[in-house]
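Number of protein chains: 4
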Amino acid sequence: MAPQKLKIGAAGLGRMGKRHAINFLNRSPRAELVAAFTPDPDELSWAKINLEPYGVTLYQDYDKMIQHPGIMAVVIGTATSVHAEEAIKAMEKNLHVLCEKPLSTSIDVCKEVVAEARKRPHLKVMCGFSRRFDESYRDAHAKMDQGLIGRPSIIRSQTCDKHDPSGFFVAYAAWSGGVFVDMSVHDIDLTLWFFGDDVTPKSISAHGITAVQPGLKKYNDFDNAVGIVEFYGGRIAYYYCSRMMAHGQEDTTEIIGTEGKLSINANPQQNLVNLYHPGGITREVPAHYYGRFEQAFVRESIEFTEACLDDKPLPLKLTNAVKAVEIGSLLQEALVSGRQIRFDETGKRIETAQL
Amino acid sequence: MAPQKLKIGAAGLGRMGKRHAINFLNRSPRAELVAAFTPDPDELSWAKINLEPYGVTLYQDYDKMIQHPGIMAVVIGTATSVHAEEAIKAMEKNLHVLCEKPLSTSIDVCKEVVAEARKRPHLKVMCGFSRRFDESYRDAHAKMDQGLIGRPSIIRSQTCDKHDPSGFFVAYAAWSGGVFVDMSVHDIDLTLWFFGDDVTPKSISAHGITAVQPGLKKYNDFDNAVGIVEFYGGRIAYYYCSRMMAHGQEDTTEIIGTEGKLSINANPQQNLVNLYHPGGITREVPAHYYGRFEQAFVRESIEFTEACLDDKPLPLKLTNAVKAVEIGSLLQEALVSGRQIRFDETGKRIETAQL
Amino acid sequence: MAPQKLKIGAAGLGRMGKRHAINFLNRSPRAELVAAFTPDPDELSWAKINLEPYGVTLYQDYDKMIQHPGIMAVVIGTATSVHAEEAIKAMEKNLHVLCEKPLSTSIDVCKEVVAEARKRPHLKVMCGFSRRFDESYRDAHAKMDQGLIGRPSIIRSQTCDKHDPSGFFVAYAAWSGGVFVDMSVHDIDLTLWFFGDDVTPKSISAHGITAVQPGLKKYNDFDNAVGIVEFYGGRIAYYYCSRMMAHGQEDTTEIIGTEGKLSINANPQQNLVNLYHPGGITREVPAHYYGRFEQAFVRESIEFTEACLDDKPLPLKLTNAVKAVEIGSLLQEALVSGRQIRFDETGKRIETAQL
Amino acid sequence: MAPQKLKIGAAGLGRMGKRHAINFLNRSPRAELVAAFTPDPDELSWAKINLEPYGVTLYQDYDKMIQHPGIMAVVIGTATSVHAEEAIKAMEKNLHVLCEKPLSTSIDVCKEVVAEARKRPHLKVMCGFSRRFDESYRDAHAKMDQGLIGRPSIIRSQTCDKHDPSGFFVAYAAWSGGVFVDMSVHDIDLTLWFFGDDVTPKSISAHGITAVQPGLKKYNDFDNAVGIVEFYGGRIAYYYCSRMMAHGQEDTTEIIGTEGKLSINANPQQNLVNLYHPGGITREVPAHYYGRFEQAFVRESIEFTEACLDDKPLPLKLTNAVKAVEIGSLLQEALVSGRQIRFDETGKRIETAQL
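Protein chains in written order, with this note's numbering: chain A, 6 to 360; chain B, 6 to 360; chain C, 6 to 360; chain D, 6 to 360.
Next up, chain A with everything else stripped away, as it sits in the complex (with noise of 0.2 Å):
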């Protein structure tokens, strides 16, 4: 008889949702991808053509999408400001759920989140931090945990992206939480799992700028952002994210120790070609960030497929992704107030006026 397989559904067939569609269908073995739903006409189109005829029905109603016969879990790629709702909904019906990050960029919404995965500790919840599935993060890990680089004490992490002149980011500055949160939420997961998710911030700064995208100032928004946010037990974090890099994806984490340090992508690379030629030696970069990570989210569905089938627990906590997007707010409000945020040692905020 053959072993069982994960019955999951995809919501939301955009961009990412296409590519976790498919992970989910070719790329993960023990997972069926059985239903995939989306409200949009052109993915409709798409998903007729690349899932239909492998045996995945196809709706355009959510509620619909989560009674189909025999699904266990979703996987949700829809637009950020669903995804709390799909998350819950899911949850409702008994279905594991992967879902895209952020959970939602207010707090509060991602905590009902939180709270009502509580309430079924035998779902498997997990908010998909690509990175935590990458081998050369997962490498620097190991590393740090056999103790090669002492303490570590600071951390550098950048998020940048390829500049793209469409105008695409100006309209998604909208609803994107801003770019602390969209962007640097990586980096401060990262912090999460490297300094431990139980620190506590002491205090945070940041600074931005709009260098290529004046559209974004209407949204209070920047296209380039230098954060720092230090933490009790002396450890500190900086971040770096911007969307104006000439020559494509560089995402870029130092951790550094007391014995030692760790980098992750100092050198950004597309492949390993270099071309030598009369103006000197060349190496290309991924132009986004799938480029990058592309084997990080197809590891990302074959662990959270086994997880579920199996009752493992998953790489990283649900109450993690509270806390990335909690410090990515208050990054962005740092920013844009142009004022530092302090706390004290419980994690409560000390006002200004108390300063």
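Keep in mind the hints are simulated off the structure, nothing from the lab. Please read these numbers as outputs of a predicted model, since none were measured by experiment. Mixed in with the good hints, there may be bad ones.
Since the list gives no way to pick out one identical chain from another, each pair is judged satisfied if it fits inside one copy or across any two copies.
Lysine-lysine pairs mimicking DSSO-like chemistry, simulated, CA-CA at most 27 Å apart [said to hold, decoys possible]:
#1 Lys10 to Lys53
#2 Lys23 to Lys10
#3 Lys222 to Lys353
#4 Lys53 to Lys12
#5 Lys23 to Lys322
#6 Lys148 to Lys167
#7 Lys223 to Lys98
#8 Lys116 to Lys10
#9 Lys222 to Lys69
#10 Lys106 to Lys317
#11 Lys148 to Lys10
Given chain A's structure and the hints, the job is docking chains B, C and D onto it.
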């Protein structure tokens, strides 16, 4: 109706055979692994756990496997000595064939496979040279085709394995065909790809040593060898193969043209991590060729499947596989005899007496 | 007739003083080291062997040295606390001055030196910021000037020393002015060079920890610090300074423009050697800043000499040296106080009460 | 009293001659350039501006220069054809000699120089192989001596020049001795250094093409050549020399041992700058060997001076210079004839007839 899948059987479940089987089972969406053959009890035990539960019928008799109902193709990963016989039997049953390299260490036997394939032009018969499916080699080839390096004139290519002190390679030398046939055949295949498969050797020189595996001498083999193949038309390829690397697998290629150069894997690396420590900055290196080429093998499975189902051309000709082994054998002869071998412009060997 | 040489005296023969003396003695063809001053007996012993035999007159009194017959210039490498006084005295004797950085850790004292220099515009008075003379920084600056990166908008720059467990830096903290003044002043100087020296800070934030040198706390100093300086006009510089590197000196700079990026020393290295060993591939890193910048110091001597003899402009303004220390001091204040500092567009500080 | 300096004369003020003259004039503190000789009017004009004002007496007659009062040594940077004669004349005048490589392209003439030097063991006579003075090669050699790579067994070394379309190298081929003598002699010298100068060749093979300089054919020379030298005792060196590089000078060496590998300049670079642009990440490469080896030439001047003044041993033997040219000539012969050359264990050549 679900699209047709390629029903394939896997022959041989040794180290590479297992990987092929898993790649067709799980990582080639349009293939369906329906059968597997191995005469080996240990491999059979592995298959009962890893293949049988997923609908793969197991055989201990190759002839029976190729009569499995509905089977359309075989992937051959058995010992080199039976590759050719199994390939021919499969073709006789009208099956497509993906055969691990080499078809045979005997040129005559290789040619029998080619002759059989010529009789059945509707069949896809491919010898798996994995580097042809590697993203970096493909990118380099595309850049060459764009004219970025002018006319390719010199190729330097090496296949260097991590030193394996177990004695495995001494035993293996008894039937491997020698280092140039076993290892450099990949570099020779790349030469045919980058220079064109119509190149004609003009002279072949080779020299080798046994530095760490003295037991190789009794098989007339070497653990380090360097060879030069000069081609008519002003082109040279030179090769280094070694089983002595301390640090891991290091397969590097340079294509040097009249107006530029391409390098592939000039800086071997396990992943994107660097460790900074009191002794300097260190990156790790893959221990084995599968660590370097895993994604290429997956792509090979996927593209072989597509070629069979859609009757698309294969990315490499079967005759190239023979030519690569032929040049490898000549290098090996030059290595063992210590004599240069020369050819006239028609490819006919010039006997030493004539020199 | 031999061309005139610059007769120069060296004040201070400590670690850097010795190097300056030797560079003017041996590596600056148009300079002639005629005198050297040190009050320290050990340094004097060194000078009797290494300077006196080559025609250098030794002094234990600075005032006497600057009256040495024919002396035209001094290079000041004494303790920071006497830099300014010695520089002013030299100018009063009509001598050109090359002074180690900083002129002083006090802005007021720095300004006295500048005021004195303004009175004597025929004198060359330079504060030695060695990176201005480094080939790589110069190449990067030239590439920026060619417009290769568009408008420079973000600078990331770090000065990171190899960890010195001797306790030297704890003692040194008593009078160094703090890590931002002592270390990051180089990065700030680069900022003025790449952004233009007319930039006006808008806000300054900084955070630090003492991870390996707890003794620093009593001097209100830190062994790791991160700071952000936002400038009016849409530019940000962010700095990291550390005395905790396990692997060696790592001074890295990135200049990020609207159309490209330049990095300097993204891959620190001692030389061009890589060692391939069972643990991977390792390169070494310079242990000290002189290992990284030796050739820049030589070039500084040569160009200072040329500027004096040929009345050519110096490559950096004395006022920049003051501005760099000023920004460094503000970063240090923000670091120690834990409070952001803000400025209006005229550069006037906005008091917290006004916020 | 000032310590004695090495009074030295420079013969030849062409491209390299000028550099030697300047290095002894300005960058070798214990040397004093007292004289210079050139028969060339342009070079003489240069010398009147750049040497004479600094106390250097100019000569148009070599014989007169070596009688300059007090002269103790000569540095010979004239055309190769007169190296040997000038070296011998200098020795006859009891002068130390630093001669550009090669002593001669004729082995017999080389041996005359050695014979003359043997008669005068108190003289320092050195042929300048600059890589022996390069920090990276020295570091690699020290690491090998520490046993970090086990027994060195394979050397790969290449000397590759940037393509010069001016036709200079075609004219030069008339008397250069051929590419293996002119270029690979450096790699052969490194081989003698890393393998030991007592190694005995067992066989020599070489192949070449003329890809970009067809005019070379009339001088029996090539613009790309690959050669293998197998040594008795289980060691192989293989070389690549080229004048076709689009990107610049690329001189790379690998020393492969039984327990590790060392590479020198595996990643050629002009400096520490990387430019990130829409096409990727680019670094520049030195255009000429002096860009790569300038500091090595300076160190050569300094150490030659020290050896003369302090009667210290030179870092390389004169006989090695002959042996390197000898092996280079044999490679060139194998290249031109297309025939392998073999030797018995005593180093005696085995005639083809005997094969």
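Provide an ascending list of the numbers of those earlier hints which the structure does not satisfy.
Checked against the structure, the hints that fail are numbers 7, 8, 9 and 11, while the rest are satisfied.
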